Amino acid sequence: MTATTAETPTPVASAARRAPLIRLLRAELRWVFRRPRTLVVLGLLALIPISVGISAAIADSSAGAAEGPPLFSMMAGNGLALSVGTLAITIMLLLPLVTAMSSADAIAGESAHGTLRGLLVAPVGRIRLLGVKAFGVACVALCAVLVIAVTGFLTGLVMSGPDGLFTISGTTLSIGAALGKLAVAVGWVAVQLWAVGAVALAISAYTEHPMLVVVGVLAGDILFAVLGGLSALSWLHPFLITESWSALPDVLRDPMPTEALTEGTLRAACYIIIGLSLAGARMLTKDG
Amino acid sequence: MHSRKKALLAATAGTAAGVVGLGLIAMPAGAGSAPRLPDISAEKLTESVLTADTPAMAGTISVDNNLGLPAIPGAAGGGDLLNIDSARVHTDGKDGKRVSIEKGSDEQTVISNARTTWIWDSEKREATKIPAGGRDVHRQAPAHAQRQLDDPTAAARQLVEKMHESSTVRVDGTARVADRPAYELVLTPKPTERTLLREVRVAVDSETRLPLRFTALTNGTSEPALRIEFTEVSVGAQPAELFRFTPPEGAKVNEERAEAPKRPKHAKPADRDLTVVGDGWDSVVVARSGQGIDEIAKAAGAGNGRQGTDPRAMLDRLGKKVSGPFGTGWVVSANVGNVLITEDGRLAAGAVPEQVLTEALGKTK
Amino acid sequence: MTISTHTAPAVGGPTGSSIADAPLAARTRGLRKVYRNTVAVDHVDLDVPEGAVLGMLGPNGSGKTTTIRMLLGLVSPTAGTASLLGQEMPGGAARALPRVGALVEGPGFHPFLSGRENLRRSAAAEPLLTAGQISGAVEDALQRVSLAEAADRKYRGYSLGMKQRLGLASALLVPRELVVLDEPTNGLDPAGTREVRKVIAELHGAGSTVLVSSHLLAEVEATCTHVAVLHQGTVVAQGELADLLEAGNPTLLVSTPDAEQSVESLRDNRIPAQLAPGGVRVDLSAVSQPEVLRTLVRAGIDVYEARRERTGLEELFARLTENGLNDTEAADEPEIADDVWLDRLDAGQAAKQEAR
Chain A
1 MTATTAETPT
11 PVASAARRAP
21 LIRLLRAELR
31 WVFRRPRTLV
41 VLGLLALIPI
51 SVGISAAIAD
61 SSAGAAEGPP
71 LFSMMAGNGL
81 ALSVGTLAIT
91 IMLLLPLVTA
101 MSSADAIAGE
111 SAHGTLRGLL
121 VAPVGRIRLL
131 GVKAFGVACV
141 ALCAVLVIAV
151 TGFLTGLVMS
161 GPDGLFTISG
171 TTLSIGAALG
181 KLAVAVGWVA
191 VQLWAVGAVA
201 LAISAYTEHP
211 MLVVVGVLAG
221 DILFAVLGGL
231 SALSWLHPFL
241 ITESWSALPD
251 VLRDPMPTEA
261 LTEGTLRAAC
271 YIIIGLSLAG
281 ARMLTKDG
Chain B
1 MHSRKKALLA
11 ATAGTAAGVV
21 GLGLIAMPAG
31 AGSAPRLPDI
41 SAEKLTESVL
51 TADTPAMAGT
61 ISVDNNLGLP
71 AIPGAAGGGD
81 LLNIDSARVH
91 TDGKDGKRVS
101 IEKGSDEQTV
111 ISNARTTWIW
121 DSEKREATKI
131 PAGGRDVHRQ
141 APAHAQRQLD
151 DPTAAARQLV
161 EKMHESSTVR
171 VDGTARVADR
181 PAYELVLTPK
191 PTERTLLREV
201 RVAVDSETRL
211 PLRFTALTNG
221 TSEPALRIEF
231 TEVSVGAQPA
241 ELFRFTPPEG
251 AKVNEERAEA
261 PKRPKHAKPA
271 DRDLTVVGDG
281 WDSVVVARSG
291 QGIDEIAKAA
301 GAGNGRQGTD
311 PRAMLDRLGK
321 KVSGPFGTGW
331 VVSANVGNVL
341 ITEDGRLAAG
351 AVPEQVLTEA
361 LGKTK
Chain C
1 MTISTHTAPA
11 VGGPTGSSIA
21 DAPLAARTRG
31 LRKVYRNTVA
41 VDHVDLDVPE
51 GAVLGMLGPN
61 GSGKTTTIRM
71 LLGLVSPTAG
81 TASLLGQEMP
91 GGAARALPRV
101 GALVEGPGFH
111 PFLSGRENLR
121 RSAAAEPLLT
131 AGQISGAVED
141 ALQRVSLAEA
151 ADRKYRGYSL
161 GMKQRLGLAS
171 ALLVPRELVV
181 LDEPTNGLDP
191 AGTREVRKVI
201 AELHGAGSTV
211 LVSSHLLAEV
221 EATCTHVAVL
231 HQGTVVAQGE
241 LADLLEAGNP
251 TLLVSTPDAE
261 QSVESLRDNR
271 IPAQLAPGGV
281 RVDLSAVSQP
291 EVLRTLVRAG
301 IDVYEARRER
311 TGLEELFARL
321 TENGLNDTEA
331 ADEPEIADDV
341 WLDRLDAGQA
351 AKQEAR
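So the sequence lines, in the order shown, correspond to chains A, B and C.
Residues 1 to 288 (the numbering used here) make up the first sequence, in order.
Residues 1 to 365 (the numbering used here) make up the second sequence, in order.
Residues 1 to 356 (the numbering used here) make up the third sequence, in order.
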């Protein structure tokens, strides 16, 4: 029918050939960000800091102590506090769920659609495929964090200009310094989400039901929060990734206390190693 | 097949490494073996603590409060104040001091230099300015318990000094606190002292002689009733801007004069007339307000701008009703001591049994 | 157990060249796969000669797909070996698979992407395509399966046949040495089925090896040069199609008004024969056709017509089993088919081995 049909198969040396990694990563990103679900979720995330900012401003203008989440009293007109504060709220459940959703689609979803098979026979090496998938999940997580941070910061700037940027410790920040702190917060939250994503990828590799991944992360998050609340289990607390998450407001202190943030990062790194190791083990033994 | 097995092995190793890593993070910092330090006599160590200057340093203090103080709704008791997450201290070794007390995601910061002292409250977005020579914030700051945190060095030093007469002091080996080698100084009450405390341990930095950890142990428990310790210490010059403060845009700024009125929240009538009865471990603080318990409640309720809780009902709940030569009152017990509050508005407190409180009230009649 | 193709007579390919003793494009030895307690595939020794179009026949659940998945390295065998284009699988996947196109277990694509976008995504993972070739390869593949018109529609809106064709397109993105098609005509209308046959013929013409699995006897017969029959996880027969059809016990159907007399006279001459509707069926394994006719003529029997029975795979199986299963549809229903297949194949196996 076309020219290719008449060609004999190209003789190829039996050396291992692989599609360029950059091309795979680009294809993965295009796939991830063309999915309507991803875009809807990112859009909804952008609304959170805006609505939190508006309600903080309303609470601030009406006299009386504002009842709200941590940092709420600081959020009115303070873009930095609004961003970091919204991240501090959403990291508890919403952002992990977004990450889990992305991880669920990455392996379990592909498996359910029968597309994982296609990638494996292309062939994309199994560990390489996991790397590509982890990259996609990491990008979605980072994007989710960035969306909140940027809209939060802009909302603050729109509401009260660049003057409202101060820290918990009462120091006023220039826009540059505030953006620096915001970058730390974004990076730190992203690393925490990558840890969630790594574990979610492991679950994702073990199942064909994407919902199971989201449910698993939700259950884990709730379980960890409950365990973290039981003082009798204090020996267990340092093992819980959720224990790190309350450290985020430290970014807003001046000078920034690094102890809890560093510990949180190390803990997240351990979770990433565990998650990816389990996911890798499963990918290697998984039936395609 | 072979490479797959290898990969699986690597994955298992990775998982194990991650779990071990988590375990390492879980291990308490400074839980290493006791450092080897040259011997020092208790007297010499105490003396060096008393004479040492606080160097320029930064540190983080954690408070492990097991005092067993009953939670008093709507009132900031000492126990509540010690329920902080952590406090960070910066000092330039001279006038510059900065103490940040973290409670959840809020922070109270006291910044002082040679000219001014600022108190910043992030929750209320409120800054209070006190010129130098005004009230000494580091002694009277928001509440009495904060004093210890404001300057643990001074607090511990005072304690060491005071205890020396009534206590046996010895050096009990070494310890590693905030990753710094330290001597363990132990103060034990002399047998004549009537106190609930068993011993007080102070870990003294071998180099700077800074008290790094303060532990109070009571009779009959192995868990310390109170532990205040540095989790992180770095000795060295601190940036000067840490000791300056400009209130942020939109914050409420209060300026206080030298004889500024006390802030209503902390204006406890009981603070007015203080005497200390006895010395050493069994000293008792006696306060008298001049007002009956009902009037205090009314005033406090008005000051807080909320409905005052019925103080009698509250005291009934918190303590047990007693009567004696002082009239009737309530004894509120905690792990480290007792507090006796009488109907006519007197208060006696100390790390002592109830009996000693009654005696002290009698002495100050 | 099985009939080796090595000893089979050569069948001319389109170029007329012999593929006997040709190198194998795919080969399994002692292949076994156990899922939990279920043995899916056992003792599978499959040979796919280069340049052949090998039809894997068997009812649903006979182990066709599992065998293919092991060949493609998607599943690790419990025991035995599978090699693809000379590479041990699954270890040699990176070396072999770029030259292999596969459509396994139905097409797998994302519903929210258009056909073209789906194909581009598959193409991005193809090692043998350079970045510059991707667009062209995608358009060519779409043309080949007549999907160019619908390429911009979301996959979600595709009919079953279009989905199947898109799956075929992704197997054809690169000129392949081996194309593995698992049930390629599933869900296709007759026109679609013809198209698949055409594609297979083109691949064959271009020298590619094709491994196509099906449970439809007619489809295999129409497109394949070689056949392997799987039943309950085991290869029960394999070889060249023509050879398999010729082999076994050929029979001659003789139309005659004196059927009973014919049987008698043939049996007198030690020629096995039996009554058949409208005449006599004669076993040709021991005698030649002219000899039969001579015998009948000598006996003075009128012969209207003598026809050699050879009508296709369906009859092959019917003959193999001797049970006279004349219903191809039975193979579509594994519940019914399993027993029937077992009987007739076991019997057929025995018969074949006797014949050799």
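Because the hints were derived from the structure by calculation, they are not lab data.
One or more hints might be untrue.
What the hints assert, rightly or not - What the simulated footprint calls covered on chain A by chain B, stretch by stretch (three residues with Cβ under 8 Å from a Cβ of chain B suffice, anywhere in the stretch; the number is not a length):
(1) 49-56
(2) 72-82
(3) 150-156
(4) 169-183
(5) 278-288
Claimed, not checked - Derived contacts from chain B toward chain A, CB cut-off under 10 Å, selection only:
(6) A11
(7) T12
(8) G14
(9) T15
(10) M27
(11) E43
(12) N113
(13) A114
Nothing here was measured: the structure is a model prediction, and the numbers come from that model.
C-beta: ideal position from N, C-alpha, C; glycine also.
### Task
Grab the minimum C-beta distance from M27/B to chain A and call the hint holds if it beats 10 Å, violated otherwise.
holds, 8 Å
### Message
When I compare C-beta atoms, does the region 49-56 of chain A have three or more residues closer than 8 Å to chain B?
### Response
violated (count 0)
### Query
Measuring from the C-beta of G14/B to each C-beta in chain A, is the shortest one below 10 Å?
holds, 3 Å
### Query
Does the CB of T15/B sit less than 10 Å away from some CB of chain A?
Because about 4 Å separates T15/B from the closest Cβ in chain A, which is inside the 10 Å limit, the hint holds.
### Task
Check whether three or more residues of the region 278-288 of chain A sit with their beta carbon closer than 8 Å to a beta carbon of chain B.
With 5 residues in contact (Cβ-Cβ under 8 Å with chain B), the coverage given for the region 278-288 of chain A holds.
### Task
Under 10 Å, Cβ to Cβ, is where T12/B needs to be relative to chain A, so tell me if that hint holds or is violated.
holds, 7 Å
### Hint validity - A11/B Cβ closer than 10 Å to any chain A Cβ
Since chain A brings a Cβ to about 4 Å from A11/B, closer than 10 Å, the hint holds.
### Task
Examine the region 169-183 of chain A for residues whose CB is less than 8 Å from any CB of chain B, and state whether their number is three or more.
holds (count 4)
### Task
Three residues minimum, CB to CB under 8 Å: does the region 72-82 of chain A make the cut for coverage by chain B? Let me know.
holds (count 3)
### Restraint satisfaction for E43/B [CB to CB of chain A, less than 10 Å]
Violated, because the Cβ-Cβ distance from E43/B to chain A comes to roughly 36 Å (cut-off 10 Å).
### Task
State whether the coverage of the region 150-156 of chain A by chain B holds or is violated, taking the criterion as 3 or more residues with Cβ-Cβ distances under 8 Å.
violated (count 0)
### Task
Would you settle whether the hint for N113/B is holds or violated, based on the nearest Cβ-Cβ distance to chain A being less than 10 Å?
violated, 15 Å
Hint compliance for this structure: hints 1, 3, 11, 12 and 13 are broken, all remaining hints hold.
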